[in-house]
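Chemist: Full structure from sequences and hints, please.
Just so we're aligned, residue 0 is where the sequence shown starts under numbering that gives the first Met the number 0, counting upward by one.
Computed Cβ-Cβ distance ranges for the label pairs, DEER-style:
id : residue 1 : residue 2 : range
1  : Ala-58    : Gln-24    : 16 to 22 Å
2  : Cys-12    : Gln-63    : 25 to 31 Å
3  : Gln-32    : Glu-54    : 17 to 23 Å
Treat the hints as calculated values from the structure; they're not laboratory data. Remember, it's a predicted structure, so these values are computed and weren't measured experimentally. Backbone N, C-alpha and C define an ideal beta-carbon position, used for all residues, glycine too.
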Amino acid sequence: MERSVIAIVQPSCPVDHPDRGLQRQLALEPALQQLGQCAAEFGWTEDEIAQALLELAGARLKGQLPSGA
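Modeler: What follows is the structure, encoded as structure tokens:
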């Protein structure tokens, strides 16, 4: 399987800045779209992709996934 490079813009404001959340979403959204498109090309449905991302994010927030996963 071929790996593609996903570009993510680094933050330009401090962690406690009120725009940090929006900036985070804008930085990660293109990568998320690319990941979803790649998964769909391999046969996963949009619902399956969304559910997997929710499950992975939830597990990450609960500390059940290593930070490198």
